[in-house]
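> Those protein sequences? They're chains H and X, same order as listed.
Heads up, the first sequence is in full-length UniProt numbering, so the first residue is 1 and it goes up one at a time.
Heads up, the second sequence is in full-length UniProt numbering, so the first residue is 1 and it goes up one at a time.
Hints were generated in silico from the structure; no laboratory data involved.
Remember, it's a predicted structure, so these values are computed and weren't measured experimentally.
Some hints could be false.
Covered stretches of chain H, going by a simulated chain X footprint (3 or more residues, C-beta under 8 angstroms) [to be verified]:
id	region
1	134-142
2	164-174
3	247-255
Each computed DSS-like pair below joins lysine-lysine, with the alpha-carbon atoms no more than 30 angstroms apart [claimed, not checked]:
id	chain 1	residue 1	chain 2	residue 2
4	X	Lys112	H	Lys2
5	H	Lys226	X	Lys37
6	H	Lys107	X	Lys3
7	H	Lys193	H	Lys49
8	X	Lys187	X	Lys112
9	H	Lys49	H	Lys107
10	X	Lys66	X	Lys3
11	X	Lys112	X	Lys66
12	H	Lys2	X	Lys187
13	X	Lys187	X	Lys66
14	H	Lys2	H	Lys193
15	X	Lys37	X	Lys66
16	H	Lys49	H	Lys2
17	H	Lys107	X	Lys187
18	H	Lys258	X	Lys327
19	X	Lys37	X	Lys112
20	X	Lys3	X	Lys37
21	H	Lys107	H	Lys258
22	H	Lys17	H	Lys226
23	X	Lys112	X	Lys3
24	H	Lys226	X	Lys112
To give an idea of the chain H side of the interface with chain X (calculated C-beta under 7 angstroms), a few residues [said to hold, decoys possible]:
id	residue
25	Ile108
26	Gly109
27	Ala110
28	Asp122
29	Gln127
30	Leu160
31	Gly185
32	Arg225
33	Lys226
34	Leu228
35	Gln238
36	Tyr239
37	Leu260
Ideal placement from N, C-alpha and C gives every residue a C-beta, glycine not left out.
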Amino acid sequence: MKIVVCLKQVPETNQVKLDPVTHNLIRQGLAGRINPFDRHAVQAALDLKAQVGGEVIVLSMGPNDNEYCLREGLAMGADRAILLSARAFAGSDTLATGYTLSQAIRKIGAVDLAFFGRQAVDADTGQVGPIVAEFLGWPQLTLASQLTWTDQGLQGVRRLGALAQTLAVPLPAVVTATRELNDPGYLQPRQIKAGFQQPILTWNEVDLEADPARLGVAGSPTVVRKILAPQTKTVPTQYLNPDPQAAVAELLTALQAKNLL
Amino acid sequence: MTKIPEVWIFAEHQQNQIEPTVLQLISKAQAIAPTFKVVAVLLEAPDQQLEQTLAAYGPDQILAVKQSQLEQVADVEQAMILQQLVQARQPNSFLFGATALGRSLAPRLQAKLQTGLTADCLDLYFEDELLVQVKPSYGDNIMCEITCPERRPQMATVRPNTFAAVPVEADQVCQEIEVLTDLTWPKVAHFDILNEQVIPTPPASLAQADRIVALGRGAADPASVATARQLTAALNAQLGVTRPLTDDPQFAVSNQIGQSGQTVAPELLFCCGISGAVQFLTGITQAQTVVAINSDAQAAIFGVADYGFVGDAKAFMTALNHALLAKNA
Ligand SMILES: Cc1cc2nc3c(=O)[nH]c(=O)nc-3n(C[C@H](O)[C@H](O)[C@H](O)COP(=O)(O)OP(=O)(O)OC[C@H]3O[C@@H](n4cnc5c(N)ncnc54)[C@H](O)[C@@H]3O)c2cc1C
Ligand SMILES: Cc1cc2nc3c(=O)[nH]c(=O)nc-3n(C[C@H](O)[C@H](O)[C@H](O)COP(=O)(O)OP(=O)(O)OC[C@H]3O[C@@H](n4cnc5c(N)ncnc54)[C@H](O)[C@@H]3O)c2cc1C
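Taking the hints into account, I'd like the entire structure generated from these sequences.
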């Protein structure tokens, strides 16, 4: 089975700060790491390969620095890595990202399964997997919390609120991975070292035979027009009597007046 | 005359119940777009009557596709049906709940329509016909405003329990219900549902609770927890906790309020021994009335509290239990 796992590189921490003057994100000192959900996606691909054989390819779109998440995928046991890196890809929203990744999956060819994380922990949309599925015309199983390979093919479980659905998914297909799917464990130093010894193939927009109008900023319908610090509500607080009994009596009267009790 | 812009809301349902976020979105859309036509789009089986639930919240129109194929349907097929409807009627915008289904279906439709989609919005407003979508990123540590200036429809998924659902007066109940029964869509590869199982959840989840007693590290000792449980029983409330308390096996993430737990929207929230960290506060922005109990008068939680008690949490909860017992006796 030929399996592609898409990896996003995200900042090491979500504790981003806004510059109080410019209102831009302060990105300094934000080292990259693999999106945590994508490690579960890689593990799921490796588990399937262990069962049915085949090849696991990790794929990431981003600046050269994204090599880091690909190396982590290789260290976990992926067979090869492809980086999609070009000026033309910069500023992609989810639609343009999905298009670019789908072109790469076409170019890889004969892919049976593409894994994604359920969402990336920075922009947090979870949209890229379903968009790629649509562009490839494949079915999708989002939020997979269990996955098994049987004589009948691929089966998975997803939760829709209180409902657990068991689904049979024909291949080729897209699957997005949740944390419940598996436990990727920690990497050994020798695995990390091995990850750094493998070559990484780089493709640009020409390699992908991509339509330039669908890439990067040009191919992105959404615009992030402002970044703000989160708002918390500030209300005048009515302080209650310091004696608990008196405070409770005061509070109950007030809540009853508001029809809250 | 130019056509009145339409705001569509996908009327997700499950187990023959409309997803509560849908009703919240209908009310919100009416509030932010009073001159637009608010349309609830429902895909249901012929024996279902879910339009009645929707009508009580007063959308201008309900567009219902009622066909037997919709008894069991894959996300991909729903996306194809919605694509047809959108292409025929060209709404200005299309809103989904940011539920598991909404977040699977909306991007699939977005890709078909080659338009923009903003994920997990916490606020929405219109500037003329431009929908401004406010969403958190970096785990709620920043908020950003996203727009889709050129393509239509403008699409967004909206976090559950962000807005209040308000039923309308009897004379405003939706009268315009259009039913389609003969749509066809191409056969495409999709998953088959082998089995569906309802996983029992506690009677009312935190996210849906009208009253919540929340405990933090200042009220985490066994005696305080026991007092709080009495209080939840007396108030018919749910118990919530801050993240540090989930280290205790009696509390799970489903009990945790905040950024990495549940977003709650109760009418009445007691915060006992909770400092008011940002990650906690982002989960309670929709609480209507907040009562804070903390021994530190400087605690940040007082910044969002309607009522404040500076003092011991257990003593306050005990006094409240007594008062409620006396009142109900
Ligand atoms: C603050 C902020 C808010 C944003 N909000 C939106 C928005 O609401 N709508 C929108 O369309 N765009 C938005 N974007 C743009 C979006 O971040 C990019 O399009 C990004 O490329 C996709 O990231 P994501 O976090 O949405 O991915 P998700 O869809 O959450 O990622 C899911 C999975 O897709 C795969 N994946 C994602 N990106 C890549 C990649 N570059 N290479 C390989 N695999 C990948 C991974 O497997 C990942 O686990 C926003 C950007 C910022 C900075
Ligand atoms: C990525 C990330 C995600 C997070 N997500 C969440 C989340 O979803 N939810 C969440 O809650 N936290 C979350 N946190 C943790 C958050 O930052 C805080 O650490 C946490 O909310 C603090 O919990 P607390 O208020 O119970 O404890 P503390 O901050 O320790 O506060 C205890 C309070 O109790 C008061 N107190 C002490 N004794 C008494 C007494 N006898 N009577 C009354 N008051 C008393 C103290 O004055 C103090 O204000 C997250 C953190 C990170 C980094």
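> Determine for every hint whether it applies to the structure shown.
Cross-check of the supplied hints:
For the region 134-142 of chain H, the stated coverage by chain X holds: 8 residues have a C-beta nearer than 8 angstroms to a C-beta of that chain, and at least 3 were required. Closer than 8 angstroms: that is the beta-carbon criterion, and the region 164-174 of chain H has 8 residues meeting it against chain X, so the requirement of 3 holds. Counting residues of the region 247-255 of chain H whose beta-carbon sits less than 8 angstroms from any beta-carbon of chain X gives 7, enough to reach three: the coverage restraint holds. Only pairs whose Cα atoms come within 30 angstroms are accepted, and lysine 112 of chain X paired with lysine 2 of chain H is accepted, the gap being roughly 26 angstroms.
Taken as a hint, the lysine 226 of chain H and lysine 37 of chain X pair is honoured in the structure, with Cα atoms around 28 angstroms apart against an allowance of 30 angstroms. Distance restraint check for lysine 107 of chain H and lysine 3 of chain X: the Cα-Cα separation of roughly 44 angstroms exceeds the 30 angstroms cut-off, and the hinted pair is therefore not satisfied. With a CA separation close to 22 angstroms, the supplied pair lysine 193 of chain H and lysine 49 of chain H stays within the 30 angstroms bound. Between lysine 187 of chain X and lysine 112 of chain X the CA atoms are separated by roughly 16 angstroms; this keeps the pair inside 30 angstroms, and the hint holds.
Only pairs whose Cα atoms come within 30 angstroms are accepted, and lysine 49 of chain H paired with lysine 107 of chain H is accepted, the gap being roughly 21 angstroms. About 26 angstroms separates the Cα atoms of lysine 66 of chain X and lysine 3 of chain X, which keeps this hinted pair within 30 angstroms; it holds. With a C-alpha separation of about 23 angstroms, the suggested pair lysine 112 of chain X and lysine 66 of chain X falls inside the 30 angstroms cut-off, and the hint holds. Restraint check for lysine 2 of chain H and lysine 187 of chain X: the C-alpha separation of about 25 angstroms stays at or below 30 angstroms, so the hint holds.
Between lysine 187 of chain X and lysine 66 of chain X, the direct Cα distance comes to roughly 18 angstroms. Compliance with the 30 angstroms bound is thereby established for this hinted pair. In summary, the hint linking lysine 2 of chain H to lysine 193 of chain H is supported, as the alpha carbons are separated by about 25 angstroms, within the 30 angstroms threshold. Under the criterion of a C-alpha separation no larger than 30 angstroms, the hint pairing lysine 37 of chain X with lysine 66 of chain X is consistent with the structure, at around 22 angstroms. Distance restraint check for lysine 49 of chain H and lysine 2 of chain H: the Cα-Cα separation of roughly 9 angstroms lies within the 30 angstroms cut-off, and the hinted pair is therefore satisfied.
In summary, the hint linking lysine 107 of chain H to lysine 187 of chain X is supported, as the alpha carbons are separated by about 26 angstroms, within the 30 angstroms threshold. Restraint check for lysine 258 of chain H and lysine 327 of chain X: the C-alpha separation of about 17 angstroms stays at or below 30 angstroms, so the hint holds. Under the criterion of a C-alpha separation no larger than 30 angstroms, the hint pairing lysine 37 of chain X with lysine 112 of chain X is consistent with the structure, at around 24 angstroms. For the hint linking lysine 3 of chain X to lysine 37 of chain X, the alpha-carbon distance of about 10 angstroms falls within 30 angstroms, and the restraint holds.
As the CA atoms of lysine 107 of chain H and lysine 258 of chain H are separated by approximately 64 angstroms, the hinted pair breaks the 30 angstroms bound. Between lysine 17 of chain H and lysine 226 of chain H the CA atoms are separated by roughly 14 angstroms; this keeps the pair inside 30 angstroms, and the hint holds. Proximity of lysine 112 of chain X to lysine 3 of chain X is assessed by CA-CA distance (about 24 angstroms); at most 30 angstroms being required, the pair is judged to hold. Taking the CA atoms of lysine 226 of chain H and lysine 112 of chain X, the gap is about 27 angstroms. The hint holds against a cut of 30 angstroms.
Evaluation of the isoleucine 108 of chain H hint against chain X yields a violated restraint, the C-beta minimum of about 19 angstroms exceeding 7 angstroms. Annotation: glycine 109 of chain H was flagged as interfacial toward chain X, and the flag is violated, the nearest CB pair being 18 angstroms apart, outside 7 angstroms. Annotation: interface hint on alanine 110 of chain H violated; nearest CB of chain X at approximately 16 angstroms, more than 7 angstroms. Taking 7 angstroms as the C-beta cut-off, the interface hint given for aspartate 122 of chain H holds, the closest approach to chain X being about 6 angstroms.
Of the supplied interface hints, the one on glutamine 127 of chain H holds, with its beta-carbon coming within about 4 angstroms of a beta-carbon of chain X, less than 7 angstroms. A hinted interface residue such as leucine 160 of chain H counts as satisfied when its beta carbon comes closer than 7 angstroms to some beta carbon of chain X; here the least separation is about 5 angstroms, so the hint holds. This hint is violated: glycine 185 of chain H has a C-beta 21 angstroms from the nearest C-beta of chain X, more than the 7 angstroms allowed. Interface restraint check for arginine 225 of chain H: the shortest CB-CB distance to chain X comes to about 5 angstroms, inside 7 angstroms, so the restraint holds.
For the restraint placing lysine 226 of chain H at the interface with chain X, the shortest Cβ-Cβ distance is roughly 4 angstroms, inside the 7 angstroms limit, so the hint holds. Hint status for leucine 228 of chain H: holds, given a least beta-carbon distance of 5 angstroms to chain X, under 7 angstroms. Residue-level restraint check for glutamine 238 of chain H holds (minimum Cβ-Cβ distance to chain X is 5 angstroms; threshold 7 angstroms). At a threshold of 7 angstroms, the smallest CB-CB gap from tyrosine 239 of chain H to chain X is about 5 angstroms, leaving the interface hint in force.
Restraint check, leucine 260 of chain H versus chain X: the minimum CB separation of about 5 angstroms is within 7 angstroms; hint holds.
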